[in-house]
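Engineer: One letter stands for each residue in the lines below.
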Amino acid sequence: MTVEFDRGKAYVVDRGQPKLRAGQGMIAGLDVVIRHFFSAFTKKLETPDETSGVFTVQYPEERLAMPEAFRNFPILLFDDTTGQELCTSCFQCERICPPQVIHMTQAVDPTTGKPVPAVAEFMIEYDACMSCGLCAEVCPFDAIKMDHDFELATDDRAGMTVRKADLDRPVSYYETIAPTRWAEVKDGAYKKLQGNIKRRSGSIGLSPRAATAPKKAAPAAAKPAAGVAKPVAVKTAMPMAAPGKNMSEEKLARLLSIRAANVAKAGGAAPAEAEEVLATADTDDVAEAPAAVAAARPVSSGGIPFSADNLLGGVPANTTMAEDKVERLKSIRSGNLARRG
Amino acid sequence: MLQFLENIFGPSWIVSLIAFLISTTVILIVTPVTFMMMTWFERRIVARMQDRLGPNRVGPAGLLQAVADGVKMFTKENITPRAADKWVHLIAPLVATGPVIFLFAVIPWGYGLSPVDINVSVLFVIAVSSISAVGLMMGGWGSNNKFALLGAMRAVAQMVSYEIPAVIALLSMVLFTGTMNLNKYTELQGGLPILGNTLKDVIPDLGLGWFVFTPIGLVGFMIFFICILSEGERTPFDIPEADSEIVAGYMTEYSGMKFAVFYMGQFLFNYALSMVASIIFLGGWNFPGIPQLISIAPPIGALASAVVLGAKAWFLFFVMIWLRGAFPRLRMDQLMAFAWKFLLPLALINILSAALWLTIMLWCTGDCTQNPWVFTVGGINPLGWLGNSPVLRQLVGFVLTAIINAGAFFWLLNVNRRPAGETPADLARDQAFGTASLP
Amino acid sequence: MLKTQELQINIGPQHPSTHGVFRLVVTVDGETIVDLKPVFGYLHRNHEQLAEVSTYIQMMPFTDRLDYFNSMANNFGLAIAVEKLAGIEVPQRANYIRVLMAELTRILNHAAAVAFMINDMGAWQTPLAFGMREREKILDLFEMASGARMMCNYFRFGGIVRDLPPDFMPLLNDLMKALPTFFDETERLLRENEILLLRSEGVGILPKEVAASYSVTGPVLRASGVPYDVRKAEPYSVYNELDFDVPIGSVGDIYDRFLVRIEEMRQSYRIVQQVIERLPDTTGGHINPAMASIGKQKALKPPVGDVYGRVETPKGELGFYIVSDGSARPYRYKVRAPSFINLTPIGDMCRGHKVADVVVILGSIDIVLGEVDR
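Chains A, B and C, in that order, give the protein sequences. Residue numbers for the first sequence follow my numbering, beginning at 116 and rising by one. Residue numbers for the second sequence follow my numbering, beginning at 605 and rising by one. Residue numbers for the third sequence follow my numbering, beginning at -3 and rising by one.
Please keep in mind that the hints were generated in silico from the structure rather than gathered at the bench. Treat the hints with care, since some could be wrong.
As a list, the in silico DSSO-like pairs of lysine-lysine whose alpha-carbon atoms are at most 27 Å apart [as the list claims (entries may be wrong)]:
1) C:K173 - A:K158
2) C:K330 - C:K297
3) A:K124 - C:K173
4) A:K301 - C:K294
5) B:K690 - B:K680
Being a predicted model, the structure only gives us computed values, none of them experimental.
Same shape as in the complex, but just chain A (with noise of 0.2 Å):
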């Protein structure tokens, strides 16, 4: 049976006429696979235009080079130089989030009162992100982009919940990774922050990184009282690192962080600290010195853990991380539609 199309036919796959078999075609099967065989002890499948050879790539040691496109999860774009934000808090990731996983709150000016165009607390929920990439491509600020940092395998679920400290990478950070998209949108994005620089006030929509990556480059961290603060030092160089070779050392150095935050949680932060913790870390009191938040954090939790509760919550060792997440959720949720009105 044909049957004609406009543009090409219907024609009936060929079965092969019947004969007799003595195993022609499994040795021809054989054939194919003792080639392979023998290749697979001379080559390595390098191109993708060769069909034979090895193409295992040995994963820790051998890496396949990331495209710009790749996109695992989000993160948050400070400047450099200024240490700001280029966040506005302007809700168009929290609305196109598809499984709305993003939260945020937008920071007010405490003298006037008013909102300031600065995010105040950013919260993404790794656990639940599905990478579609959509909040970056909405962002009018260029504030969201995709990362490349992929190995965050972790068994801490609620440390999976990822806020802001966490989330901010400086923007050289990003231009290592994605070039030539930081290229196309760089001038547009750094207008756009002149412009919201000039409406924040005093430590508003300063990183809590920027804060502390003049002390890891000073020569005072190489001290042996910064010991907690290594993995911060660590931690905060870690975005600047080349994706490539270095990850190993990068992950590790992660481990490291969240092993030791761990630790500390598990010891108990003093009350005393912890309230002084909670007293900076308060979402509405931006006031307060970001200096003293890099100040206490060392002292609390030992260096910038990536489980979110100890870095803002100085949490008592008794509350659970669930509770704390289902607060947090709570505050952030009801202070966005205060602010919404």
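Guided by the hints, dock chains B and C onto chain A, whose structure is given.
Structural biologist: Chains B and C alone, transformed into the frame defined by chain A:
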């Protein structure tokens, strides 16, 4: 020698006891190590066939992977389903694996390296190897699981069916050689390909007179190897544990070490039968140079012979892996049809060939006239023209049996082929399509 | 005759070859199938209801998760439906890139589908390893273009997210050199294999009338001998500008499905070749300028009405039925999932065959449970 040992150690039964204890210990150590090597080997080889690397993390080239697997198996929870028959479930792996290790008692590992040298070792191999089917059935029945039951049914049906062509293939060789002693087979396979030992006096023993080079041996080897695949549950006959159909067959409800014991039994069975096939068909430890080495320096020769025999067995195992890397598996009914409609008749015809060969070789050799049983046609011996030259007789036998076996092979293929226009596909086409067609 | 007892077996929900969380209630007499009932829904993720609370563009990443092998083709379906509903034009270049992606998807899906079927038949991963090798190469290309290997989220209403990166074409050309070798090798490895012939010829026959009455689509229908292909029946995008044939089977058994898939890979290869030739001369950008900003996509409010948009995914006809009430969210959204509909005749196909054939027939239908259960 025995006297010497007796003087040192005491009465002969003590010597025998010690000797057997030593060989038992050696077997019990060597076989699990062989099993571990086999799992590693299989995974590495198949990986290369699939353009991969295979396990390469534990130890050099991943050699210790099997150790890691063993540790994992030991530390796994040993689960017995609540509804299972606990004792049957527990004993089944032992019943399945024990007989396999018995096999190694009679299989010579090399020249003079036979733990027990009995006269009927071929019979022993056949008899003991069938016992493990009981273990499989016990495992499948005792698990109280439908997949396990199906798997066990398949396993038993398959093993029983494939025993028959395997035994007949071996029988043709027993007829051919006149011995059931595995140790004797190697001696009989020296000399040259096709001609065998017939020119022993003229040409030095090259150790290449393997039976696989004779038509009877070739067909016998093919049948026996296919039966090994089936009895050892290798692709394309791994139906009892078809993972894509019935999860793991009779092993479905097994975990931890019990599973590993089943697995070990299977792999060792493959290895043991590969050794038997190498001894009977592939010339045992015969290889150019080995006979001379044995006669010059027996200890070194024995070692070399063990290496040669091991290499042959491992090569057969490699072929098994190769097949596994390339083929899908058959279905149960097709498997049965293959055994009963193709292998069995071919094996029977092979016995006829063996008998014919034997006749040609032995008919009226020596003083013919004295033999009252010699059949003559009009006073003339029909095979008289062959004279007493074993070379000529061997060649004639080779040609005749080659013709018979090849003819039988193609005849059976043709008989089993569905006539044109009557394949299931054709029937379905007629039934489903007829002449109607959709626009 | 001996009296035998029928046995009921549950193949699944946890089973190596049900391709996901899926259960087959099989009644067997010995090894012969007496009855078979598919049970699905274990993987239900509320896809259709989600759409009613999401904007149109928010649904795009969710369609990736329908048939997670072919996210590009699924995106294509939603894009076609919404564009039809809202009357959005697509520039020529975007259309060609869409077709390129859809056909690469077809190649990767069939490479994996054929291999998975052989795996169900008992092969020990070798065809799968070869298929996956080529699939990886195509996924690399997808990653380069869209940022993700499987959940591409590449299509937008009126075009695609962004144009192909500059290093895309060289890699694609490299891949095009490898693919014919891969097709030939697969055929040499499998096509004449006696075991495969024994296992597949005359097994799982789906006569064309039955297939049509179950409204089966895709390679399964074509293997049954019906030359129905949405790309020909209702040419969308630029398929009417491209030359390709539709392979059909003559018997409708597993072997025909296997052959049809291999031939379809070759036809897709032809299409990709043509697209590569024409891509440099195409006009228009990667997206309709009217829809270029994501804000426009987000605020898309199609006029009141309903639409059925369909595409030929590798698994069959994927249809999106969307009812709009004029708001930014669809009023009703229904997916015609090819895997789901192709799965329905499995009882008819399996009856009378052996247990071992069930998994192979299931494999030959080529389902993805993400799409079946939605």
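Engineer: Could you run down the list of hints and mark each one as holding or not?
Structural biologist: Structure-based check of all given hints:
{"no.": "1", "hint": "C:K173 - A:K158", "in the structure": "holds (18 Å)"}
{"no.": "2", "hint": "C:K330 - C:K297", "in the structure": "holds (18 Å)"}
{"no.": "3", "hint": "A:K124 - C:K173", "in the structure": "holds (26 Å)"}
{"no.": "4", "hint": "A:K301 - C:K294", "in the structure": "holds (24 Å)"}
{"no.": "5", "hint": "B:K690 - B:K680", "in the structure": "holds (18 Å)"}
When held up to the earlier numbered hints, the structure conflicts with none and fits them all.
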